[in-house]
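Q: The chain contents come next:
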Amino acid sequence: MSTIVLLIITGLGLGALYFLVASGLSLIYGLMGVLNFAHGSFLTLGAFAGLEIARRMDGASWITLFASLVVGAVVGAVVAAATEFFLIRRLYNRHIEQVLVTVGLALATVALFDGIWGTDPTYVTGPAWFSETTEILGAKVPNDRFVLIIAAVLVLLGIVLFLKFTRFGLIIRAGVENRSMVTALGIDVRKAFTVVFAIGGAAAGLGGVLASHYFGYVSPQLGGSLLIFAFIVTVIGGLGSLAGAAIASALVAVLQQFANYYLGGTGDLTVVLLLAAVLLIRPTGLLGSKA
Amino acid sequence: MKLLTHMKPWMWWAVGGAIAVFAALLPLINLSIPGILPGPTYTPGTLQLLALALLFSSLALSYHLLFGVGGMLSFGHALYFALGAYGLGIVLKTTQLSLVPAMGLTVAAVICIAYLLGALSLRVTGISFAMVTLAFAQAGNVLVRRNPQITGGDEGLQLETQNVPDFLLGVLNTRNLYWVALALLIIVFIVVALFEHSRAGHVVTATRENELRVRVIGIRPFMVKLVTFSIASVLAALVGMVHLLLQSGVTARASSADFTLTILVIVVLGGVGSRWGAVVGAIVYTLLDQRLTALASSDAIAGLPAILRIPLSEPLFILGTLFILVVLFLPGGIAGAVQRMDKGGVRRNPAKETSSEIARDKIEEVT
Amino acid sequence: MTAPILRVEGLGARIAGQQVVESVTFEVPARGVTALLGRNGVGKTSTLKGILGLIERWGAVEFNGERIDNLATHRIIQSGIGYVPEDREVFASLSVAENMRLAERNGGPNRELVDELFPELLARAGQLAGTLSGGQQQMVSLARALVNDNTLLLIDEPTKGLAPLIVLDVTTALGRAAEAVPILLVEQNLQVVRALADTVVVLESGLVVFTGPANEFLDNEELTTELLGVHLTDVGATGDNA
Amino acid sequence: PTSSDASGPSTNGAGLPAVDVSIITSQTGPLAAYGATYLAGWDAGLDYATQGTGTVDGRAVNVTIADDAGDVDKAVTAAKTVIGQGKKIIVGTASSGIALALAEQAEQNKILYISGPAAADGVTGINAHTFRSGRQSYQDVATAGTFIGDPKGKSILVFAQNTAFGQGNVAAATAVLGAKGATVTSLLVPEDATEFTPFAQQIINATPDMVFVAWAGATSAAMWESLSQQGVFDKVPVVTGLGNVATYGAYGAASSKISFLNHYFAGATDNAVNTAMIASLTKSGAVADLFSPDGFNAAVMVVQAIRAGGGDDVAKMITSLEGWTFDGPKGSMTIRAEDHAMIQPMFQVKLVADGANWKPELVDVVDAQVVTPPIVQK
Amino acid sequence: MSARPMLAVEHLCLSIGGARIIDDVTFAVAPGEMLGVIGPNGAGKTTLFNLISGLLAPSTGTVFLNGRDVTAEPIHKRARAGLGRTFQTSSLFTGLTATENVRLAAQAKLGAATSVIRFPRRTDVATTIANDRLAEVGLSHHAKTIAGVLSHGDKRKLEIAMLLATDPRVILLDEPMAGVASGDVHGLTDVIRQVHASGRTVLLVEHHMEVVLGLVDRVAVMHHGELLACDTPTVVMADPAVQAAYLGAPL
Ligand SMILES: Nc1ncnc2c1ncn2[C@@H]1O[C@H](COP(=O)(O)OP(=O)(O)OP(=O)(O)O)[C@@H](O)[C@H]1O
Ligand SMILES: Nc1ncnc2c1ncn2[C@@H]1O[C@H](COP(=O)(O)OP(=O)(O)OP(=O)(O)O)[C@@H](O)[C@H]1O
Ligand SMILES: [Mg+2]
Ligand SMILES: [Mg+2]
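Protein chains in written order, with my numbering: chain A, 1 to 291; chain E, 1 to 367; chain D, 1 to 242; chain Y, 1 to 378; chain F, 1 to 251.
One or more hints might be untrue.
To be verified - Covered by chain F, according to a simulated footprint, are these stretches of chain E (three or more residues, beta-carbon under 8 Å): (1) 199–213; (2) 218–224.
Unchecked claim - Calculated from the model, a selection of chain Y residues having no Cβ within reach of chain A, i.e. all distances over 12 Å: (3) I148; (4) G149; (5) K154; (6) A193; (7) V236; (8) N271; (9) S284; (10) D327; (11) R336; (12) V352; (13) D354; (14) E361; (15) L362.
As the list claims (entries may be wrong) - Straight-line alpha carbon distances no greater than 16 Å define the calculated EDC-like cross-link-like pairs of lysine to aspartate or glutamate that follow: (16) K140/A - D234/Y; (17) K77/F - D166/E; (18) K110/Y - D299/E; (19) K164/A - E98/D; (20) K152/Y - D209/Y.
Please keep in mind that the hints were generated in silico from the structure rather than gathered at the bench. Every residue gets a Cβ at the ideal spot worked out from N, C-alpha and C, and that includes glycine.
Work out the full structure: start from the sequences and follow the hints.
A: Structure (structure tokens):
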């Protein structure tokens with residue numbers, strides 16, 4: 001029993017991390033049709049920014065943690081917005097080129113991080129509470145998993161409310177369908193694109209700082225290693241569907257935990273099988289509408 | 001100047017043939033291009049690099065068939081390259097077959113696997129197809145890394161040389177391998193060109209444009225896509241085999257998503273939808289990739305202030321940035337740029353809209 | 001004669017690198033409906049899109065005496081032009097109300113007018129626009145343009161694909177709108193043109209080949225046959241008993 | 001300092017042709033840090049073995065470095081380039097995959113290759129042309145075994161990543177400790193796994209007498225934290241290899257509870273060679289680290305080979321190294337004639353707090369004979 | 001009707017997400033007959049065509065083609081069995097030229113369209129057919145134009161040329177006149193008339209009433225997914241229900 005509880009809660013924690021990456025991916029893909037390969041770099045940069053803050057302050061205090069979360073999110077948002085502004089926007093409506101630019105950016109930035117911070121991982125310590133555990137039904141659940149889950153839920157709620165109740169949200173949802181018609185209604189849709197990138201980047205940056213505490217380190221490869229799972233989650237959930245991404249994140253991560261525990265460490269293969277199965281049975285993903 | 005536009009098809013083939021003959025003579029002549037080639041063209045190091053470039057050209061052409069012609073954006077093409085390399089490596093290691101029968105056996109296996117996985121992945125299209133192929137390739141990569149007894153894991157599989165003819169072994173015979181790579185490129189080029197001009201080639205192009213419409217005129221697009229997928233996979237596997245011989249081994253990187261992305265980068269660099277673009281793109285990429293590493297560790301860069309030195313001493317940074325610049329400022333890649341230069345500023349006749357540009361527009365819809 | 005609301009001079013336009021409008025010059029008077037006519041592919045839609053900057057264009061466009069040919073689309077629209085695109089282009093995944101909310105500028109001053117014109121839409125405010133029938137979608141598309149205080153409307157084939165009954169409704173609605181705002185209308189249905197248009201501008205392969213009063217043009221069998229390949233009475237014959 | 005376009009052996013003023021040595025290792029890419037340590041060690045070693053002259057018996061040693069970026073293709077191309085230029089000596093690489101590929105090239109082209117610091121056991125005895133300047137996985141595992149006293153009847157769990165490196169360690173543990181009567185089981189984790197809680201649970205459920213952890217890469221911090229959190233250290237003694245300086249912070253709360261085996265750290269030995277190496281490294285602004293001796297020893301071996309073979313008689317160079325014993329920073333090193341295994345001492349180490357950081361402290365030296373790998377039969 | 005119907009649907013129903021989009025539709029079309037299908041926007045006309053041609057599967061009900069139950073057959077099999085259709089919004093190979101579009105259709109009809117070994121030639125039958133069909137719809141001057149850049153109306157014409165090239169026995173035309181310049185309506189009407197005159201069975205969805213009335217033998221009226229009436233034009237046009245739901249008063 002305690003094992004199952006442990007697997008489920010840690011699975012949800014991992015899923016929360018996937019979701020923090022996938023939410024931005026899904027949002028950006030949904031609006032712009034761009035599969036953003038550079039998303040991992042937004043995350044890595046957020047993590048490094050958080051690290052630099054921690055180095056300058058007392059690494060183990062809660063204030064530092066909070067500051068690094070804020071800075072990570074802001075850096076992620078700024079870099080993502082700049083990416084949209086300087087690279088993606090120039091390639092208006094040329095999706096494959098937009099994807100390729102992000103591929104190039106991912107290559108270049110990872111190499112740049114290598115150059116700046118070195119290829120070795122840099123280890124991160126947070127508040128002591130983070131690495132302690134809380135006992136739930138006999139399972140010793142690491143505390144940072146709760147933080148991850150809460151952060152992911154907040155991000156999900158935040159984005160959903162934003163999309164539903166703000167004018168920007170309306171513009172973005174309309175822009176997903178038909179960009180040029182939005183401009184033809186007298187709205188500067190490009191601003192919305194930048195905002196979407198910024199939101200996605202902020203979620204990734206936030207995820208980066210949290211990931212660095214979860215993994216215990218920051219390295220230039222950090223984002224890339226999460227990205228592939230985020231892709232899978234995005235597709236299983238249904239491209240462009242935020243709720244789908246959330247469900248799929250939890251599903252994939254929990255499944256992964258169970259397969260790792262009970263099926264001899266075959267978690268990742270199981271996820272691949274799940275992806276294949278979902279696409280063959282329901283090609284649009286769990287909640288996707290577009291093929 | 002509108003040289004290229006006015007060239008007849010036979011002229012293209014004539015020019016291509018001349019280039020092939022010249023390429024075949026390279027190991028016999030002493031040609032130095034300082035800064036681009038590591039040494040004169042007859043030296044093994046240079047021939048090795050050129051042979052790699054030729055193999056990447058063939059691989060890029062096989063991907064061109066899949067993506068540029070068939071519109072199938074695959075993130076798992078590397079799997080078939082790896083199947084060829086690992087397949088041949090394992091057959092040579094575990095059986096007493098000599099090289100050619102071993103290759104035959106591997107091709108047969110690849111056909112079966114490509115057919116099976118292709119049939120599964122082609123049930124979906126667009127980004128979903130990309131993701132399924134990615135997932136299969138990823139699974140292949142995991143299997144390679146987890147089974148070191150068979151594949152050598154992440155240490156790689158070494159070529160068992162016992163049944164490989166001597167003229168393909170050793171640095172002094174690099175030029176023989178170079179010729180093999182050149183021959184392979186010529187074969188792949190011809191196969192791809194013939195396929196593109198066949199009826200099936202036309203149907204697969206049409207399918208890329210509008211799959212539903214193909215069905216409504218009474219053709220089942222699935223089969224012709226599967227055939228295209230299988231041909232592209234077998235070609236990639238052939239390249240993998242020669243690569244195994246050239247490198248005397250293969251490593252897990254060959255089956256990684258990164259490697260597929262590399263091929264994609266090459267095809268885009270050359271120009272999506274253009275055959276010779278794929279070839280030129282691969283050559284440019286390989287030379288850049290190898291030479292940038294040398295540049296990054298050169299004294300010139302070591303002496304720069306940190307803000308320049310750090311980025312410039314990372315080859316991948318330079319490559320990535322260059323790639324971004326190409327995408328931003330050279331739409332249609334190298335092929336597109338040459339075409340534009342050729343046409344000058346003259347306004348285009350709608351009827352002569354080049355198919356590669358159209359192809360690009362269309363493929364955007366796929367993703 | 002008051003100053004024209006829109007002056008187009010030497011307008012050319014390009015789509016995906018290909019020139020689709022050569023050089024179009026015409027004026028839209030500050031009152032009534034101006035119909036932009038021509039056969040398929042002569043560049044009517046492209047002319048409208050060129051005016052709005054939805055496609056790459058050059059030449060001079062003057063709206064209300066101000067040059068607008070260098071502005072971004074959203075700025076042009078904001079300066080007081082309403083646009084109804086060729087294929088309705090409603091946002092299928094947004095509700096009718098949301099479609100309207102998106103379109104409203106400065107609080108949507110003509111809300112009442114629109115509600116009065118299309119009571120149907122009020123009743124279906126919560127329905128997703130994608131599930132509406134073609135005619136209802138056309139109403140949404142028109143309403144989005146009418147809800148704002150525009151000084152000009154550009155409307156592209158509003159009756160295409162609509163059932164005869166709806167064609168009547170739409171024509172009526174346009175007639176009422178035209179009382180307040182000048183309209184530049186692209187339309188293939190000559191009966192609709194006859195019912196609405198004061199002036200016509202006829203295009204042929206990217207150039208203006210005729211400008212003049214609507215009745216004069218429509219009554220001139222020779223001209224209509226030459227420029228449009230048809231004369232109104234030809235088509236009208238069977239249509240009238242419908 | 002590269003000059004990969006230099007062709008043919010150059011001559012120095014004295015008239016004797018210089019000897020070309022080509023280093024192929026990672027200057028960029030994931031293993032760049034190991035490459036840097038190795039190169040610094042090489043410089044120190046060359047300095048030491050040539051008494052600062054950079055010449056051997058009047059021949060200048062002309063060193064070129066090629067970056068393999070962790071990529072086999074690049075390494076093989078670099079190897080073919082230098083072999084094509086007539087160079088007879090290649091050293092280096094931190095990647096086992098590259099080491100195996102270079103060994104293959106060495107045999108095909110009859111040159112001398114000294115690998116290091118790549119750990120794969122497969123390099124030992126692979127062919128007559130290939131040597132190694134560092135330790136191999138077997139020696140790591142055998143050192144781990146020294147923590148348990150008499151292995152007979154004990155159950156040992158190898159916790160490793162499911163890679164060639166991890167599986168190699170499992171195989172080595174089975175060979176070393178299984179032969180001495182221990183029951184060796186393994187828990188292999190996917191290399192890309194990021195969540196280790198379930199595996200920590202499985203370790204506890206297995207109730208072994210000792211856990212040997214063989215881990216490489218960045219995920220180690222998260223792995224150790226999970227082991228701490230689930231209380232593995234309270235239940236089972238845990239042994240693992242201590243990596244380079246950069247990893248000292250990776251063990252977190254577990255640092256003081258782990259028994260470490262170690263290939264080398266700056267304070268591991270107190271001998272003249274080590275002192276000389278550290279001095280030389282310090283002078284050039286480097287620090288002694290895990291793989292410093294691998295570079296240092298490679299240089300010492302190359303100088304020995306040149307002395308005997310003059311830099312182009314590969315057969316003579318090989319014979320001069322086979323069976324040779326010399327003093328390295330780690331102590332006495334012996335190149336076993338039969339399979340070129342590098343017989344060397346290993347270390348037991350613990351981490352002690354040093355302010356906010358951790359630093360290693362020597363517990364014991366493990367005699368070279370205790371951890372000698374079995375001879376590879378050809 | 002004595003002869004076996006060329007096309008028949010029986011009790012066809014389609015529900016999507018609880019909504020009845022096609023509601024128990026039954027009718028039959030005799031060989032060589034032309035049936036007009038009219039009805040308000042959203043009545044389900046296009047959906048009916050999608051069910052007949054196999055783009056959608058019905059919830060219940062059966063589709064018969066020349067007496068054979070084809071309900072379970074995929075699109076391309078029905079096409080090969082002689083069922084051709086056009087789309088309400090043109091569906092073309094937008095990256096290929098007009099000729100190539102039509103030639104593909106002709107090849108599909110001639111067989112061996114997917115041969116890897118056979119190469120299309122400038123002089124082969126398929127190309128000849130393609131050129132003839134383009135001439136028929138008046139698109140010869142656009143033979144080498146990329147289909148994607150044709151204007152809306154020209155795309156409609158190309159769509160019909162492709163249809164003709166597959167030489168179908170049963171033809172479903174979905175609003176062929178929508179967006180076609182008024183000057184070209186007559187010509188296109190003649191094309192359809194000829195197609196019909198050569199013995200083919202035609203179903204025509206069209207809002208252009210003059211065209212419908214000038215061509216068809218019978219008219220089916222759809223409303224809210226149901227078949228309201230199916231009779232000769234005179235009878236249907238006189239029906240007050242049809243007038244109220246669909247036609248309205250003249251302009
Ligand atoms: N996406 C496009 N790419 C290239 N050319 C295009 C594109 N869209 C339209 N064209 C070309 O532009 C020309 C004008 O098209 P436009 O749509 O403006 O015509 P139109 O007068 O509105 O015709 P219709 O009555 O058929 O709607 C046509 O000849 C067409 O070939
Ligand atoms: N996927 C769907 N989900 C919900 N409703 C749908 C869906 N597809 C079609 N409908 C509805 O089914 C009805 C029938 O649509 P259909 O396209 O067949 O109409 P039509 O008669 O062809 O109209 P038009 O004359 O405007 O082309 C419409 O009300 C439409 O909104
Ligand atoms: Mg138009
Ligand atoms: Mg319809």
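Q: Against each hint, give a clear statement of whether it holds in the structure.
A: Hint check results:
Beta-carbon proximity to chain F at under 8 Å applies to 12 residues in the region 199–213 of chain E; the threshold of 3 is reached and the given coverage holds. Note: the region 218–224 of chain E has 5 residues with beta-carbon separation from chain F under 8 Å; the three-residue rule is met and the coverage holds. With a closest Cβ-Cβ approach of about 25 Å to chain A, I148/Y is found to remain outside the 12 Å limit, as its non-interface label requires. At roughly 30 Å, the least C-beta separation between G149/Y and chain A is larger than 12 Å, which holds for a residue marked as non-interface.
The non-interface label for K154/Y is consistent with chain A: the shortest C-beta to C-beta separation is roughly 24 Å, beyond 12 Å. Non-interface call for A193/Y relative to chain A: violated, since the shortest CB-CB distance, roughly 7 Å, does not exceed 12 Å. Distance check for V236/Y against chain A: the nearest CB is about 16 Å away, which clears 12 Å, and the non-interface claim stands. Chain A leaves N271/Y outside its interface by the beta-carbon criterion, the shortest separation being 28 Å against a cut-off of 12 Å.
The beta carbon of S284/Y is kept farther than 12 Å from every beta carbon of chain A, the shortest such distance being approximately 19 Å. Once the 12 Å rule is applied to beta carbons, D327/Y is consistent with being away from chain A; the minimum gap is 30 Å. With 12 Å as the threshold on Cβ separation, the claim that R336/Y sits away from chain A holds: the shortest Cβ distance comes to roughly 33 Å. The claim that V352/Y lies off the interface holds: its Cβ sits roughly 17 Å from the closest Cβ of chain A, which is beyond the 12 Å cut-off.
The non-interface label for D354/Y is consistent with chain A: the shortest C-beta to C-beta separation is roughly 15 Å, beyond 12 Å. The beta carbon of E361/Y is kept farther than 12 Å from every beta carbon of chain A, the shortest such distance being approximately 20 Å. For L362/Y, the condition that its CB be more than 12 Å from all CB atoms of chain A holds, with the nearest at approximately 23 Å. Using a Cα cut-off of 16 Å, the hinted pair K140/A and D234/Y holds, with the two alpha carbons roughly 14 Å apart.
Between K77/F and D166/E, the direct Cα distance comes to roughly 55 Å. Violation of the 16 Å bound is thereby established for this hinted pair. The suggested pairing of K110/Y with D299/E is violated, with an alpha-carbon distance near 32 Å, which exceeds 16 Å. Taking the CA atoms of K164/A and E98/D, the gap is about 10 Å. The hint holds against a cut of 16 Å. At most 16 Å may separate the alpha-carbon atoms for a hinted pair to count; K152/Y and D209/Y meet this at roughly 11 Å.
Hints 6, 17 and 18, counting from the list given before, are not met by this structure.
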